Amino acid sequence: MGELKRTALFDLHERLGGKIVAFAGWELPVQYPMGVMKEHLHAREAAGLFDVSHMGQVIVRADAAALEALMPVDVAGLAEGRQRYGLFTNATGGIMDDLMFANRGDHFFLVVNAANAEADIAHLESHLGDAVEPITNRALLALQGPKAADALAEIIPSVRDMRFMDVAVLDSAFGAVWVSRSGYTGDDGFEISVPRDQATAFAETLLANDAVAPIGLGARDSLRMEAGLPLHGHEMTEETTPKTAGVGWAISKSRRAGGAREGGFPGSDVILPELQNGSAQTTVGLLPEGRAPVRDGAPVFAPDSDRQIGIVTSGGFAPSLGHPISIARIDADHAAPETVVHAEVRGKRLPARVTKLPFRPSTFKR
Amino acid sequence: MKYTEEHEWLLDEDGIVTVGITAHAAEQLGDIVFVELPDPETEVSKDDEVVVIESVKAASDILAPVDGEIVEVNEAIVAEPSKINEDPEGEGWFFKIKPADPSDMDDMMDEAAYKAFIG
Numbered sequence: 022m023g024e025l026k027r028t029a030l031f032d033l034h035e036r037l038g039g040k041i042v043a044f045a046g047w048e049l050p051v052q053y054p055m056g057v058m059k060e061h062l063h064a065r066e067a068a069g070l071f072d073v074s075h076m077g078q079v080i081v082r083a084d085a086a087a088l089e090a091l092m093p094v095d096v097a098g099l100a101e102g103r104q105r106y107g108l109f110t111n112a113t114g115g116i117m118d119d120l121m122f123a124n125r126g127d128h129f130f131l132v133v134n135a136a137n138a139e140a141d142i143a144h145l146e147s148h149l150g151d152a153v154e155p156i157t158n159r160a161l162l163a164l165q166g167p168k169a170a171d172a173l174a175e176i177i178p179s180v181r182d183m184r185f186m187d188v189a190v191l192d193s194a195f196g197a198v199w200v201s202r203s204g205y206t207g208d209d210g211f212e213i214s215v216p217r218d219q220a221t222a223f224a225e226t227l228l229a230n231d232a233v234a235p236i237g238l239g240a241r242d243s244l245r246m247e248a249g250l251p252l253h254g255h256e257m258t259e260e261t262t263p264k265t266a267g268v269g270w271a272i273s274k275s276r277r278a279g280g281a282r283e284g285g286f287p288g289s290d291v292i293l294p295e296l297q298n299g300s301a302q303t304t305v306g307l308l309p310e311g312r313a314p315v316r317d318g319a320p321v322f323a324p325d326s327d328r329q330i331g332i333v334t335s336g337g338f339a340p341s342l343g344h345p346i347s348i349a350r351i352d353a354d355h356a357a358p359e360t361v362v363h364a365e366v367r368g369k370r371l372p373a374r375v376t377k378l379p380f381r382p383s384t385f386k387r
Numbered sequence: 041m042k043y044t045e046e047h048e049w050l051l052d053e054d055g056i057v058t059v060g061i062t063a064h065a066a067e068q069l070g071d072i073v074f075v076e077l078p079d080p081e082t083e084v085s086k087d088d089e090v091v092v093i094e095s096v097k098a099a100s101d102i103l104a105p106v107d108g109e110i111v112e113v114n115e116a117i118v119a120e121p122s123k124i125n126e127d128p129e130g131e132g133w134f135f136k137i138k139p140a141d142p143s144d145m146d147d148m149m150d151e152a153a154y155k156a157f158i159g
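From first to last, the protein sequence lines stand for chains U and P. As numbered in my numbering, residues 22 to 387 make up the first sequence, in order. As numbered in my numbering, residues 41 to 159 make up the second sequence, in order.
Everything labelled a hint here was simulated from the structure, so no lab data went into it. For clarity, every value in this text was computed on a predicted model and none was experimentally measured. You may find that some hints are simply not true.
Calculated lysine-lysine pairs in the DSBU-like style (CA-CA distance at most 35 Å, straight line) [to be verified]:
hint	chain 1	residue 1	chain 2	residue 2
1	P	Lys136	P	Lys123
2	U	Lys59	U	Lys377
3	U	Lys369	U	Lys274
4	U	Lys386	U	Lys274
5	U	Lys26	U	Lys59
6	U	Lys40	U	Lys386
7	U	Lys377	P	Lys86
8	U	Lys40	P	Lys86
9	P	Lys136	P	Lys86
10	P	Lys138	P	Lys86
11	U	Lys369	U	Lys40
12	U	Lys59	P	Lys136
13	P	Lys138	U	Lys26
14	U	Lys40	U	Lys26
15	P	Lys155	U	Lys377
16	U	Lys40	P	Lys136
17	P	Lys155	U	Lys26
18	P	Lys155	U	Lys274
19	P	Lys136	P	Lys155
20	P	Lys155	U	Lys59
21	P	Lys155	P	Lys138
22	U	Lys369	P	Lys136
23	U	Lys59	P	Lys123
24	U	Lys377	P	Lys123
25	U	Lys369	U	Lys59
26	U	Lys377	P	Lys138
27	U	Lys369	U	Lys386
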């Protein structure tokens, strides 16, 4: 790995007492002095500010058909001013990355995962050439939680009129901001792309509001786990199909078998039959019966058997629920809710109950 | 009070030594959400992994600071792991051990040395 990169807010993170760690090639705060637990609860009860500038922002000046050739989702049917969840798939049906893409009239705006940004951009460029413009002069912040709308509206009043998955380019005291009403905590919130040289002033203005606290990567992960939101490199991998990863829902009707624009994306010969016939493995929630967190990588077994039926892909303690939770990829014949499976932690088999995702219902402003 | 390089504190009261982790260690670990304690009356050797704690971030092992017998464990922290963060050098103690050879503690750091150790 080369030199670690710093976001526009790096100095602010240090001033706020953030504990800086390396993450996907970037130096980012894993937590602030408040600590992961309190940060998590604050984001659920008020509003949390996250620096997500490490994520890749990309403008693509191509038509919908060109993007539909790379993703199993309905791009053509996405109205201007709206955003949708997408997947880049590979020829074997695996997931290269997941992303958000927005229709902004004469172009699409994409936000991709930090760890995959370089590969995604190379992938896009290999198909779309000069139509691809990586955005490097903007920071990306997320403001999430029940008080996010009030806090952001103090700076940009018109965000109140947006609903879940709306996008807008808005004037502000911090220059033109690119706003979407979306996020990664399962609650209402916004992601705001702001000019790099305005990012610190923008963040400080939000943080001056008592309802807003800075939130590190630790709570970002526990918040998304409670919301049952998958993370690439965990639930989704290059070897994991959408159906297996639990994101089959993201594949639009128009692109499925019998749809108006059926197939025509990488791996469709694997992905589409699975949507109809099911996959050998699937992604479920696990509720460990004890208090021990069951984390990423723990093998999962059938009860009282040495048959390994899967693996935990994410796991930890859920602060809003007060108990541990895990997400696991397991054989479909053990995936029914209430099935008891055993997860191995430190050589011990711990019983856990299969449950549907999410662990905590989302509160998006639809 | 004596301290180890593993960030444990040891309080010797008439040959029975109470063991916990330092405030510095608790702060570094973050919010602790799970504790697994040994059974009382367990014979342990120095550096045996006797306690497992999990914070919101990761799992850590707590090692036996000396050879000896565990004589009591603090069940209160199993029910309420947050006590370790709230009062690591008091109510958040882990276990009491009867050292096989109390002189094993002689070379451990005192408070001033530990403070210098953590910088």
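Tested hints:
A C-alpha spacing of about 17 Å is found between Lys136(P) and Lys123(P), which places the hinted pair at or below 35 Å, so the restraint holds. A distance of roughly 26 Å separates the Cα atoms of Lys59(U) and Lys377(U); the hinted pair therefore holds under the 35 Å criterion. Proposed proximity of Lys369(U) and Lys274(U) is contradicted: the alpha carbons are some 44 Å apart, above 35 Å. Among the hinted pairs, Lys386(U) with Lys274(U) is consistent with the structure: their alpha-carbon atoms are about 24 Å apart, no more than 35 Å.
A C-alpha spacing of about 27 Å is found between Lys26(U) and Lys59(U), which places the hinted pair at or below 35 Å, so the restraint holds. A distance of roughly 32 Å separates the Cα atoms of Lys40(U) and Lys386(U); the hinted pair therefore holds under the 35 Å criterion. The hinted pair formed by Lys377(U) and Lys86(P) fails the criterion: a straight-line CA distance of about 44 Å is larger than 35 Å. Between Lys40(U) and Lys86(P) the alpha-carbon distance is near 32 Å, which keeps this suggested pair within the 35 Å criterion.
Of the supplied pair hints, the one linking Lys136(P) and Lys86(P) holds, its CA atoms being roughly 14 Å apart against a limit of 35 Å. With a CA separation close to 12 Å, the supplied pair Lys138(P) and Lys86(P) stays within the 35 Å bound. Simply put, Lys369(U) and Lys40(U) have alpha-carbon atoms about 32 Å apart, close enough for the 35 Å limit, and the pair holds. Note on Lys59(U) and Lys136(P): the hinted pairing holds, with a Cα-Cα distance of about 31 Å set against a maximum of 35 Å.
Restraint check for Lys138(P) and Lys26(U): not satisfied, since their Cα atoms lie roughly 51 Å apart, outside the 35 Å limit. Straight-line distance between C-alpha atoms of Lys40(U) and Lys26(U) comes to about 16 Å, which keeps the hinted pair within the 35 Å bound. For the hint linking Lys155(P) to Lys377(U), the alpha-carbon distance of about 49 Å lies beyond 35 Å, and the restraint is violated. Taking the CA atoms of Lys40(U) and Lys136(P), the gap is about 33 Å. The hint holds against a cut of 35 Å.
Between Lys155(P) and Lys26(U) the CA atoms are separated by roughly 33 Å; this keeps the pair inside 35 Å, and the hint holds. For the hint linking Lys155(P) to Lys274(U), the alpha-carbon distance of about 63 Å lies beyond 35 Å, and the restraint is violated. Between Lys136(P) and Lys155(P) the CA atoms are separated by roughly 24 Å; this keeps the pair inside 35 Å, and the hint holds. Proposed proximity of Lys155(P) and Lys59(U) is supported: the alpha carbons are some 28 Å apart, at most 35 Å.
This hinted pair checks out: Lys155(P) and Lys138(P) have alpha carbons roughly 26 Å apart, not beyond 35 Å. Restraint check: the Cα-Cα separation between Lys369(U) and Lys136(P) comes to about 25 Å, which is no more than 35 Å; the hinted pair holds. Restraint check for Lys59(U) and Lys123(P): satisfied, since their Cα atoms lie roughly 15 Å apart, inside the 35 Å limit. Using a Cα cut-off of 35 Å, the hinted pair Lys377(U) and Lys123(P) holds, with the two alpha carbons roughly 32 Å apart.
This hinted pair checks out: Lys369(U) and Lys59(U) have alpha carbons roughly 30 Å apart, not beyond 35 Å. Annotation: proposed proximity of Lys377(U) to Lys138(P) is violated, straight-line Cα distance about 48 Å (limit 35 Å). Pair hint Lys369(U) plus Lys386(U) does not hold up; C-alpha atoms about 43 Å apart against a cutoff of 35 Å.
Checked against the numbered hints listed earlier, the structure breaks hints 3, 7, 13, 15, 18, 26, 27; every other hint is satisfied.
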